[in-house]
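2 protein chains.
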Amino acid sequence: MVKQDRAIRTRRAILEAAAAVFDEKGYRAAKLSDILERVNLTKGALYFHFSGKEALANAVLDAQVSETPVPCAQACKMQEYVDMGLLFARLLVSDPLLRASVRLSLEQVPEINRNSPYEQWVGRTTRVLTEAKERGEVLLHVDPEETARITVGAFSGVNSMVSTMVPRLDLEREVSVLYRHLLAGIVVPSVLMHLDVDPGRGARVLAEAGLKPASL
Amino acid sequence: MVKQDRAIRTRRAILEAAAAVFDEKGYRAAKLSDILERVNLTKGALYFHFSGKEALANAVLDAQVSETPVPCAQACKMQEYVDMGLLFARLLVSDPLLRASVRLSLEQVPEINRNSPYEQWVGRTTRVLTEAKERGEVLLHVDPEETARITVGAFSGVNSMVSTMVPRLDLEREVSVLYRHLLAGIVVPSVLMHLDVDPGRGARVLAEAGLKPASL
Numbered sequence: 000m001v002k003q004d005r006a007i008r009t010r011r012a013i014l015e016a017a018a019a020v021f022d023e024k025g026y027r028a029a030k031l032s033d034i035l036e037r038v039n040l041t042k043g044a045l046y047f048h049f050s051g052k053e054a055l056a057n058a059v060l061d062a063q064v065s066e067t068p069v070p071c072a073q074a075c076k077m078q079e080y081v082d083m084g085l086l087f088a089r090l091l092v093s094d095p096l097l098r099a100s101v102r103l104s105l106e107q108v109p110e111i112n113r114n115s116p117y118e119q120w121v122g123r124t125t126r127v128l129t130e131a132k133e134r135g136e137v138l139l140h141v142d143p144e145e146t147a148r149i150t151v152g153a154f155s156g157v158n159s160m161v162s163t164m165v166p167r168l169d170l171e172r173e174v175s176v177l178y179r180h181l182l183a184g185i186v187v188p189s190v191l192m193h194l195d196v197d198p199g200r201g202a203r204v205l206a207e208a209g210l211k212p213a214s215l
Numbered sequence: 000m001v002k003q004d005r006a007i008r009t010r011r012a013i014l015e016a017a018a019a020v021f022d023e024k025g026y027r028a029a030k031l032s033d034i035l036e037r038v039n040l041t042k043g044a045l046y047f048h049f050s051g052k053e054a055l056a057n058a059v060l061d062a063q064v065s066e067t068p069v070p071c072a073q074a075c076k077m078q079e080y081v082d083m084g085l086l087f088a089r090l091l092v093s094d095p096l097l098r099a100s101v102r103l104s105l106e107q108v109p110e111i112n113r114n115s116p117y118e119q120w121v122g123r124t125t126r127v128l129t130e131a132k133e134r135g136e137v138l139l140h141v142d143p144e145e146t147a148r149i150t151v152g153a154f155s156g157v158n159s160m161v162s163t164m165v166p167r168l169d170l171e172r173e174v175s176v177l178y179r180h181l182l183a184g185i186v187v188p189s190v191l192m193h194l195d196v197d198p199g200r201g202a203r204v205l206a207e208a209g210l211k212p213a214s215l
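Protein chains in written order, with numbering that gives the first Met the number 0: chain P, 0 to 215; chain Y, 0 to 215.
Read the hints as simulated data drawn from the structure, not as lab findings.
If you're wondering where the values come from, they're calculated on a predicted model, not measured in any experiment.
Heads up, a few of these hints could be off.
Subject to a maximum C-alpha distance of 25 Å in a straight line, what follows is the list of computed BS3-like cross-link-like pairs (lysine-lysine) [unchecked claim]: (1) K52/Y - K24/Y; (2) K30/P - K42/P; (3) K52/P - K42/P; (4) K52/P - K24/Y; (5) K42/P - K24/P; (6) K24/Y - K42/Y; (7) K42/Y - K30/Y; (8) K24/Y - K24/P; (9) K52/P - K76/P; (10) K52/Y - K24/P; (11) K30/Y - K52/Y; (12) K30/P - K76/P; (13) K30/P - K24/Y; (14) K30/Y - K30/P; (15) K52/Y - K42/Y; (16) K30/Y - K24/P; (17) K76/P - K42/P.
Computed beta-carbon distance windows for the label pairs [claimed, not checked]: (18) E144/P - A74/Y: 32 to 38 Å; (19) R5/Y - A12/P: 34 to 40 Å; (20) H140/P - E36/Y: 37 to 43 Å; (21) D4/P - S32/Y: 35 to 41 Å; (22) R167/P - A74/Y: 34 to 40 Å.
Away from chain Y, derived, C-beta distances all over 10 Å, residues of chain P [claimed, not checked]: (23) C71; (24) R134; (25) S155; (26) V157.
Beta carbons: idealized from backbone N, C-alpha and C, even for Gly.
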């Protein structure tokens, strides 16, 4: 059990080091030796966890969804839809691994599955919207998968914009504004007025979600 | 006059070649010699137009806005807001220079002004939304600059998602869906019902805008 814990910690340390190196140098220029040096491990120890640079990049990409906890259940399903976005915004501000993962998914590298995080986010969002629709929380014309796709695409674009614009914008505030814009076209008015889309919502959801493991 | 025309054509040919090389290799790996070879010019001829790789990259970035025509005036200002987005989506499908410019703006290169296209798009969009607000076409709580920022960020994210997802999605369709989602939170209902947000709108606007030069 102790051994297993250590293996999990080592794996996470390797992922964080790889994310930092990919972030600093880009995928192509990043070398395994840079990652090993940063994490202070031998090549053999790294190969015990990952088959190489490509596998590392794909694991960093996957961490974006698998390391993001699922927000706690709420009385209203559409609050969970909002919470997913604001929680992820909160985590992007505080977690370098997730931030590097998002940046990696914008690099043009054919060897890595850049579409995988999109697909996983769209899947998670579609499931919440489908349930919200069954409960009558969303407008009749809403197609859950279509709305999920637009939400994920728009979120990722707002995130890139925030990190590019000078002076840098406040991600949690911009994501809150994005959701306020989207929700009027998705949610029935009686639900809309009860949703908490405050920029500080992400931090509160994170505290609530503390105990719940990430799962797909 | 003929000389000037030729200079304009040469400048455009250099920009297109630079865009193609940046797109293929990324900014860092791209070499001036690759660009010269593609456009069949001497170093001296290139330096007559651009001071080097950095200037070329910034010119490719600027082309994203300066080469995109302003849609024709419409009876309703919010139709112009929609037209800007659908026209740009149409152009991104057909113009490799614009597509490369957008990709370049996602690269992490401190030497180039990646924020410049964002700022220019946000400026153009803010002006249209401000006029629409003066005319009473948008909801009272709408802050033109905030909504412009969200529109530009969301658009760029949907565009990245479309080119990443496998199978590739249809950009004009996804942008149409994005605008349908955003508009309900921006426009007063009496204007909303008259807006044309059809995916084919971009091609029609392009035909109409044919004679109008791009200007900021």
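Each hint, compared with the structure:
1. About 13 Å separates the Cα atoms of K52/Y and K24/Y, which keeps this hinted pair within 25 Å; it holds.
2. For the given pair, K30/P sits about 12 Å from K42/P by alpha-carbon distance, which is consistent with the 25 Å threshold.
3. Between K52/P and K42/P the CA atoms are separated by roughly 12 Å; this keeps the pair inside 25 Å, and the hint holds.
4. Distance restraint check for K52/P and K24/Y: the Cα-Cα separation of roughly 19 Å lies within the 25 Å cut-off, and the hinted pair is therefore satisfied.
5. Taken as a hint, the K42/P and K24/P pair is honoured in the structure, with Cα atoms around 20 Å apart against an allowance of 25 Å.
6. With a CA separation close to 20 Å, the supplied pair K24/Y and K42/Y stays within the 25 Å bound.
7. Proximity of K42/Y to K30/Y is assessed by CA-CA distance (about 12 Å); at most 25 Å being required, the pair is judged to hold.
8. Between the alpha carbons of K24/Y and K24/P the distance comes to roughly 15 Å, so the proposed pair stays at or under 25 Å and holds.
9. Of the pairs offered as hints, the one joining K52/P and K76/P is violated, with about 39 Å between alpha carbons and a cut-off of 25 Å exceeded.
10. Taking the CA atoms of K52/Y and K24/P, the gap is near 19 Å; set against the 25 Å cutoff, the hint holds.
11. Restraint check for K30/Y and K52/Y: the C-alpha separation of about 8 Å stays at or below 25 Å, so the hint holds.
12. For the proposed pair K30/P and K76/P, the alpha carbon gap of about 44 Å is over 25 Å, so the pair is violated.
13. At roughly 18 Å between alpha-carbon atoms, K30/P and K24/Y fall within 25 Å of each other, so this suggested pair holds.
14. Proximity of K30/Y to K30/P is assessed by CA-CA distance (about 22 Å); at most 25 Å being required, the pair is judged to hold.
15. Of the supplied pair hints, the one linking K52/Y and K42/Y holds, its CA atoms being roughly 12 Å apart against a limit of 25 Å.
16. Of the pairs offered as hints, the one joining K30/Y and K24/P holds, with about 18 Å between alpha carbons and a cut-off of 25 Å not exceeded.
17. Our distance criterion of 25 Å between C-alpha atoms is broken by K76/P and K42/P, whose separation comes to about 46 Å.
18. For E144/P and A74/Y, the Cβ-Cβ distance of about 35 Å falls inside the hinted range of 32 to 38 Å, so the restraint holds.
19. At about 59 Å, the beta-carbon gap between R5/Y and A12/P misses the expected band of 34 to 40 Å.
20. Remark: the range hint 37 to 43 Å for H140/P to E36/Y is contradicted by a beta-carbon distance near 52 Å.
21. Checking the proposed 35 to 41 Å range against D4/P and S32/Y shows it is violated: the Cβ atoms sit about 53 Å from each other.
22. A beta carbon spacing of about 39 Å between R167/P and A74/Y agrees with the range 34 to 40 Å that was offered as a hint.
23. The beta carbon of C71/P is kept farther than 10 Å from every beta carbon of chain Y, the shortest such distance being approximately 26 Å.
24. For R134/P, the non-interface assignment is confirmed: its Cβ lies about 20 Å from the closest Cβ of chain Y, beyond the 10 Å cut-off.
25. For S155/P, the condition that its CB be more than 10 Å from all CB atoms of chain Y is violated, with the nearest at approximately 4 Å.
26. A beta-carbon of chain Y is positioned within 10 Å of the beta-carbon of V157/P; the least distance is around 4 Å.
Violation of the numbered hints given earlier is confined to hints 9, 12, 17, 19, 20, 21, 25 and 26; the remaining hints are satisfied by the structure.
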